[in-house]
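Chemist: Keeping their order, the protein sequence lines are chains E and U. Its first residue numbered 0, the first sequence is counted upward by one per residue in numbering that gives the first Met the number 0. Its first residue numbered 0, the second sequence is counted upward by one per residue in numbering that gives the first Met the number 0.
Watch out, some of these pointers could steer you wrong.
Said to hold, decoys possible - Derived pair list, reagent style PhoX-like, types lysine-lysine, alpha-carbon separation capped at 25 Å:
id, chain 1, residue 1, chain 2, residue 2
1, U, Lys58, U, Lys328
2, U, Lys244, U, Lys58
3, E, Lys172, U, Lys196
4, E, Lys172, U, Lys244
Unchecked claim - Away from chain U, derived, C-beta distances all over 12 Å, residues of chain E:
id, residue
5, Ile35
6, Leu107
7, Ile142
8, Ile212
9, Leu257
10, Ala308
11, Leu324
12, Val337
Claimed, not checked - Okay, the calculated bits of chain E under chain U, using three or more residues with CB under 8 Å as the criterion:
id, region
13, 60-73
14, 118-125
15, 148-160
16, 171-180
These are computed hints drawn from the structure, not numbers from a lab. In this text, all values refer to a predicted model and were calculated from it rather than measured experimentally. Glycine is no exception: its CB is placed at the ideal position from the N, C-alpha and C atoms.
One letter stands for each residue in the lines below.
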Amino acid sequence: MPVLTRPAAPAPHTTKEPPAKPSPRAAWWRRHRFGIAILTPSLIMVGIFVYGFIGYSVRVSVSKWQGLNPDLSPRDPLYQTYDDMFHTPRFQADLRNVTVFTFLFLTLAVVVGLVLALLVHNALAGRTFFRGVFLFPYALSFIVTGVVWRWIFTPSTGANLILQGLGVEHGPKWITDPAVAGDVSGALEPVLPGGHFIQVELGIPLALIPVVIAASWQLGGFVMANFLAALSALPEELREAAALDGAGTVRYHWHIVLPWLRPVVVVVLIILGHISLKSFDLVYAMVGQGPGFATDVPGIFVFEQTFRALRYNTGAAASVVMFLLSAAVIVPYLYRSVIREKTR
Amino acid sequence: MRHRIPTYLTAATVTTALLTLSACGGGSSSAGGGSGATAANQLEVFSWWTSGSEDAALKELIAGFKKGNPGVEVVNGAVAGGGGGNAQAVLQTRLQGSNPPDTWQTHPGAAIGEYINSDLLADLSSVYEKDGLSSAIPRDLVTSVSKDGKIYGVSTGAHRGNVLWFNKKLTAEAGVELSASTTPDQLVDALGKLKAKGITPLCLGGKDAFATAELFENILLGVVGPSGWDSLTSGETAWTDAEVKQAAELFAKMLPYADPDASALTWDQATKRLAAGDCAVESMGDWAYGELVKDGAKDGTDFGYIPQPGTNGSFVTVVDTFVVAENAKHKDLALKWASAISSPDVQLAFSKHKGSTPIRGDVPTDSLPAYQQQAATSFRGDDLVQSIVHGEAMSPQFQQSFYDAVTQFVQSKDVDAFVKALDAAAKG
Numbered sequence: 000m001p002v003l004t005r006p007a008a009p010a011p012h013t014t015k016e017p018p019a020k021p022s023p024r025a026a027w028w029r030r031h032r033f034g035i036a037i038l039t040p041s042l043i044m045v046g047i048f049v050y051g052f053i054g055y056s057v058r059v060s061v062s063k064w065q066g067l068n069p070d071l072s073p074r075d076p077l078y079q080t081y082d083d084m085f086h087t088p089r090f091q092a093d094l095r096n097v098t099v100f101t102f103l104f105l106t107l108a109v110v111v112g113l114v115l116a117l118l119v120h121n122a123l124a125g126r127t128f129f130r131g132v133f134l135f136p137y138a139l140s141f142i143v144t145g146v147v148w149r150w151i152f153t154p155s156t157g158a159n160l161i162l163q164g165l166g167v168e169h170g171p172k173w174i175t176d177p178a179v180a181g182d183v184s185g186a187l188e189p190v191l192p193g194g195h196f197i198q199v200e201l202g203i204p205l206a207l208i209p210v211v212i213a214a215s216w217q218l219g220g221f222v223m224a225n226f227l228a229a230l231s232a233l234p235e236e237l238r239e240a241a242a243l244d245g246a247g248t249v250r251y252h253w254h255i256v257l258p259w260l261r262p263v264v265v266v267v268l269i270i271l272g273h274i275s276l277k278s279f280d281l282v283y284a285m286v287g288q289g290p291g292f293a294t295d296v297p298g299i300f301v302f303e304q305t306f307r308a309l310r311y312n313t314g315a316a317a318s319v320v321m322f323l324l325s326a327a328v329i330v331p332y333l334y335r336s337v338i339r340e341k342t343r
Numbered sequence: 000m001r002h003r004i005p006t007y008l009t010a011a012t013v014t015t016a017l018l019t020l021s022a023c024g025g026g027s028s029s030a031g032g033g034s035g036a037t038a039a040n041q042l043e044v045f046s047w048w049t050s051g052s053e054d055a056a057l058k059e060l061i062a063g064f065k066k067g068n069p070g071v072e073v074v075n076g077a078v079a080g081g082g083g084g085n086a087q088a089v090l091q092t093r094l095q096g097s098n099p100p101d102t103w104q105t106h107p108g109a110a111i112g113e114y115i116n117s118d119l120l121a122d123l124s125s126v127y128e129k130d131g132l133s134s135a136i137p138r139d140l141v142t143s144v145s146k147d148g149k150i151y152g153v154s155t156g157a158h159r160g161n162v163l164w165f166n167k168k169l170t171a172e173a174g175v176e177l178s179a180s181t182t183p184d185q186l187v188d189a190l191g192k193l194k195a196k197g198i199t200p201l202c203l204g205g206k207d208a209f210a211t212a213e214l215f216e217n218i219l220l221g222v223v224g225p226s227g228w229d230s231l232t233s234g235e236t237a238w239t240d241a242e243v244k245q246a247a248e249l250f251a252k253m254l255p256y257a258d259p260d261a262s263a264l265t266w267d268q269a270t271k272r273l274a275a276g277d278c279a280v281e282s283m284g285d286w287a288y289g290e291l292v293k294d295g296a297k298d299g300t301d302f303g304y305i306p307q308p309g310t311n312g313s314f315v316t317v318v319d320t321f322v323v324a325e326n327a328k329h330k331d332l333a334l335k336w337a338s339a340i341s342s343p344d345v346q347l348a349f350s351k352h353k354g355s356t357p358i359r360g361d362v363p364t365d366s367l368p369a370y371q372q373q374a375a376t377s378f379r380g381d382d383l384v385q386s387i388v389h390g391e392a393m394s395p396q397f398q399q400s401f402y403d404a405v406t407q408f409v410q411s412k413d414v415d416a417f418v419k420a421l422d423a424a425a426k427g
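Chain E on its own, in the form it takes in the complex:
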């Protein structure tokens, strides 16, 4: 801490004894008190408003609370709300959709971001301009994006008009397509408990793909910005060294650039992953629940169960499931970074 400790000027005229050497505990306290003072209020706030309320949500999810009056008496058996919820076709569709959506969206956003970053980074001119252009969608609200892309992907109003101009008479049904591609629920049924537990088709709902495109359009620029930052930190000597060793553009990118970007990819996946699992506004504005819940997500389920149906317990149970899904993405990352810090 060179900034905080100023070297004390020697006091030649003093006759006092030098102060006794402080105990290790007091020294520890002195060294850390500033940090502790700074951290304590936020720790208390986080404890109450994050962890306290997570606990409260869990409690509500096992309670009988339906209607406006809070009723926190426990349900019998405690897991009943979860049991009912997992048996509804709608929530099953939600889990399927959010999984498929997250997988497709992360893949597409990272690919788009990578391509854009490499293009902009290697552009001969107009780097700043293109960086701005590709980052702009990120500044928009998801609601705006949703309304515009709904118009584009409504079969009779947007993209299909262009296709008609190109001579394609019957374009895709886009967000109105109820079909689920690659249904595997029949194959999974014997392995899952409870016989006919799965009431929805487990596959890729085609109506979700336009939503994936819209989301990637919105966040591709954000991914690009992250990659660009990493690329600007890539030492130029590496390129020269690679060139000296006879590596072409492709080999240079494959062996040097991509490994260099890997830590950024992890961070981007974590950030986009939890955005995706929590997604609500884009889907709500763009497609709503979709044909046969083809585009419904847990976020919309929570909103409608809580505020429209006044089933606070079901809303809380679905929130807890969403929380666990997000945790499943973030905890391994945190765990890894803690391990790395300790071994450093």
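Following the hints, complete the assembly by docking chain U onto the known chain E.
Modeler: Using the frame of chain E, we list chain U on its own:
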């Protein structure tokens, strides 16, 4: 050099957080205006009326209140969007936080019952007594806002839910005649004829589940009739009854005629398509009337209307009602509000803008447009039926299950699974 990456990422993450926060905060700022209102001479009115016609109608209520109470500042706490869903969320949050608006908009029956059962509402019996409202308003409607002899809501206007709108040019082109005596089967035939002419027969806005649910509600009423409706919603008849199945089969017969874009359209976009001649027939409450007129379509020449086939003689009520919070900050003013908005003049002015029918039977309607006069005649003479879709006849829990079951049925067309889901929902 390496440390530059994390620094940048921190900055990016903070920006993300700020953007997310600002995006979330944006919507509530319009509602925030009234939440901190404590001045004595102030009244906060909460609603989800923000569209052109709704806002104009709300202003009539406010003007009517101000005439008798000059100097009072009325805070309009309207929350836009989501067909009232966003406003409900804001209201629920404020009620949980014991910070209710002085008066807010809701529907009679189960919707108002939620608030009554939670002891959130003030007794308005004194207002009814003072203004002689009980004799001017249909008894059914007074009952639907009452519990144990106490009255908790004043209503301004009634919308009719079971109207079938049609584009006259398109029906003429297909040689289809639609009248009040058309039967449900004849309607299915008519849809077939329209399709044969290459016309999209059925306008439907299915992005929000309510429009599709409303179509089914109207078909169901056509099959079971008003008395069957009451025994279904009161639990006397089970939802697995043969008549409900029959209605579901009829629904399944009509669905293939629906606009292929339906799941991407909101109800008002679907209504616009009817006005523009992109589709022919739409089953929708009479708030569609205002939308059609706004889009430049002319009553009688461009579009026509009949009661949903099978429901002639019934009026599905979707009633705009105001309640007063028991612990309102300005309860005296709120009671005066309740009295002011139920006066005949204010009701008439309100209904003119909102496109609804005055609740009071003693309001002359000859100054209203032709459609509204016809609806008023029906309202004053026909059987009044409470809507499920709008939360009047059944609990909010059932209402949501009803929406979900309909959404599922549109894809599966599985009648047995459908009635089973409804039955399970009715049993809680």
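Chemist: Give a verdict on every hint.
Modeler: Right, here's what the structure says about each hint:
no.	hint	in the structure
1	U/Lys58 x U/Lys328	22 Å, holds
2	U/Lys244 x U/Lys58	44 Å, violated
3	E/Lys172 x U/Lys196	22 Å, holds
4	E/Lys172 x U/Lys244	30 Å, violated
5	Ile35	22 Å, holds
6	Leu107	19 Å, holds
7	Ile142	8 Å, violated
8	Ile212	15 Å, holds
9	Leu257	15 Å, holds
10	Ala308	3 Å, violated
11	Leu324	18 Å, holds
12	Val337	16 Å, holds
13	60-73	holds (count 5)
14	118-125	violated (count 0)
15	148-160	holds (count 6)
16	171-180	holds (count 5)
Checked against the numbered hints above, the structure violates hints 2, 4, 7, 10, 14; every other hint is satisfied.
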